[in-house]
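2 protein chains.
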Amino acid sequence: MKSYNENLQNLLNLAPKWDFIERVSLDRALGRILADDIVAKSPYPAYPTSSMDGYAIKFTNQNNKIKIINIAPAGNSDDIAISENECVKTLTGALVCDGADTIVPIENVKLSGEYIEITRPVSQGFAIREVGESYKESELLLSSRTKLGYCELALLAELGYSYINVLARPRVAILSTGSEVLDIGQIKEHKAQIYSSNSISISSLLKDMGCEPIIMPIIKDDKQAIQTALQNALISADFIITTGGVSVGDFDFMRDITRESKIIIDGASIKPGRHIKVAKINDKFIFALPGFAYSAMVTCVLFFKEFIEHIFGLNKKNRFKAILKDNHTKKSPFEEFSAASITNENGTIKISTATKKSGSSAIVGNLINGGVLLICPSDKDGLKAGEIVEYIEI
Amino acid sequence: MKSYNENLQNLLNLAPKWDFIERVSLDRALGRILADDIVAKSPYPAYPTSSMDGYAIKFTNQNNKIKIINIAPAGNSDDIAISENECVKTLTGALVCDGADTIVPIENVKLSGEYIEITRPVSQGFAIREVGESYKESELLLSSRTKLGYCELALLAELGYSYINVLARPRVAILSTGSEVLDIGQIKEHKAQIYSSNSISISSLLKDMGCEPIIMPIIKDDKQAIQTALQNALISADFIITTGGVSVGDFDFMRDITRESKIIIDGASIKPGRHIKVAKINDKFIFALPGFAYSAMVTCVLFFKEFIEHIFGLNKKNRFKAILKDNHTKKSPFEEFSAASITNENGTIKISTATKKSGSSAIVGNLINGGVLLICPSDKDGLKAGEIVEYIEI
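Taken in sequence, the protein lines are chains A and B.
This note's numbering applies: residue 860 is where the first sequence begins, and numbers increase by one.
This note's numbering applies: residue 860 is where the second sequence begins, and numbers increase by one.
Bear in mind the hints are in silico, worked out from the structure with no lab data behind them.
Model, not experiment: these values are computed from the prediction.
Each residue gets a CB set at the ideal place from its N, CA and C atoms; glycine is no exception.
Warning: the hint list may mix true and false statements.
[Unchecked claim] FRET-style restraints, in silico, Cβ to Cβ:
(1) A/Gly1044 <-> B/Ser1003: 19 to 27 Å
(2) A/Ile930 <-> B/Asp1042: 40 to 48 Å
(3) A/Asp1238 <-> B/Glu973: 37 to 45 Å
The whole structure should be built from the sequences, with the hints applied where relevant.
Given below as structure tokens:
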């Protein structure tokens, strides 16, 4: 079986580019991925602007009695100029009048009729936002493929954008299989039935990634029914994720179906996820993930998330370093991805698997409350407390 | 002026509890805040279950020739039992038959007709998920006020939930003011006008916090118009956030309005955000944030986010430690919150403000691409490279 890295490289080498662009209003763009570089068309501020409420003066007049000749509220567009020993009362956000080079805050002056006296002098240029303080003309402000958080949206709004080009969301069909598996909302009929969490977990994870999930009804382990569902999904979905039915047992019809086309990944020397398969049918990718909830989530992160980020053109770092807090023992000869928790201790990221339940790959609860995946390479038997190790955010 | 901590304590002491609960389907619950403790009603798995495809045997028969008497696919609910030297072919997820205590994977046996011979023995209990491996009866699985990510939703789905109680989203009206400010989508008419980013940034931030933002049209600095807008917002919104118009200048009508009621915060010795005001009108809270985009976002995080998390009953940690990478100089005598960037260097979180533009509180771009806020206490002139410092995630 191939390693995780070799499988992933093979997959990414075959991955298409995703250049399907959607135009959305800024108030619906949170979390979307920008499709264009955003470059400043003009400097900002475009004119010297006051950053405080104060009086716009010539710096060299600071020791004199200065006459207030006008008032400039924010939004004022009149051209105003001062001569020697004159000033303009200038409010926060207002353009600074011609001839002035400094704003003296209102708290720093004594007012007497039409005149001010400066009680606490300031430095030259004080409280003036120079042209281009925020950005210069032609400055690259946001790169294409930036994920839009509220700060990025603030910048776009300031630039005057009201609509923006973002990557369209790929439609991803999720097909969970398994004769023992109940659909969400279905009533339990006998003791061997279990509720599947895969539709809900994978669809929620896909939303976070920028995809549009379509949860298909659960299919029993029936070759014909699975084939029909896959064929329907292939018509309209961009990608398909299946869960369950991919181990080497008698009831594994998925394997037969995916063999009817090009297999890109056929198992990986990893735990969990040894039986993962990725196939291409009619130029569409099908990710056949394991059925156990923990394994399905982990392999979705390890393969599908990397795949989507690659086709989107994101340049995202998903692996981080931490210091191992407790010894960690490996369970298999494979590369292992184990549920772990991290804490920030005085600026050092400590990671531990001792906080998690040990057992099979079926334990969903191990990933809640901000869990991460500790990576233990295949050539090691375990990791020692104090070592610098790698983890993946999930 | 009071410190940030004193102001925040005063605010939180007066904050109401938010116990307005909404019932939502699990497929719409991503990012919502759970309203109940979730306790396991029964152990899971409820019966010993196979975690691999294999043969269910008595461990002590491992060296014998064993007869396959039945097959148990996942979902099978028939009661099956084995005697000495008998086994049941048992697929992943299937219940383990009575009398068996070990699963031998199919890769570890040689099949001859109706019999198996074990070529690679396993340990007792191998590949069996014991009753309660995932969780015991009465175990607390998720605490009330947990934010529901995909892993938490997976656990709820596994437990059989299809609908869940979550905190309803408070309606928060956002009222940006300023005569120089253009609404999103509005055409610029003269040079002194600027596009406001506050409606977009604050509304996006509110969505992340679990609120339902209502963006009101921008109001010019006109006392009557602002009062009318506030009165309309007070009818239906749970909370109100205003931006702009809160400094001590001539056009600051907001200040007059908030003085008509109980003022809870009237300025804070912090930078940015010195002029923040929080008032209570008719038992509703109004947060009057500064107009500059950077200041508005920072004060929204420092005050409104803490307020919402408090009334929601979240027990969230927002401050983290890091090692300062470059010397940092303070600009004011106040407690300062400066845009900074963090990197994980071999498990140590390094923070720096040297990567950010220096200038006024108007520079929105300083917070993009995962910025954080470095905290510099009021009694320090700056922070030295190598120091352990505190930062706030934004």
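Hints, one by one, checked against the model:
1. A/Gly1044 <-> B/Ser1003: 19 to 27 Å: Holds - the Cβ-Cβ distance for A/Gly1044 and B/Ser1003, about 23 Å, lies within 19 to 27 Å.
2. A/Ile930 <-> B/Asp1042: 40 to 48 Å: Roughly 25 Å apart at Cβ, these two residues miss the hinted range, so it is violated.
3. A/Asp1238 <-> B/Glu973: 37 to 45 Å: Check passed, 41 Å falls within 37 to 45 Å.
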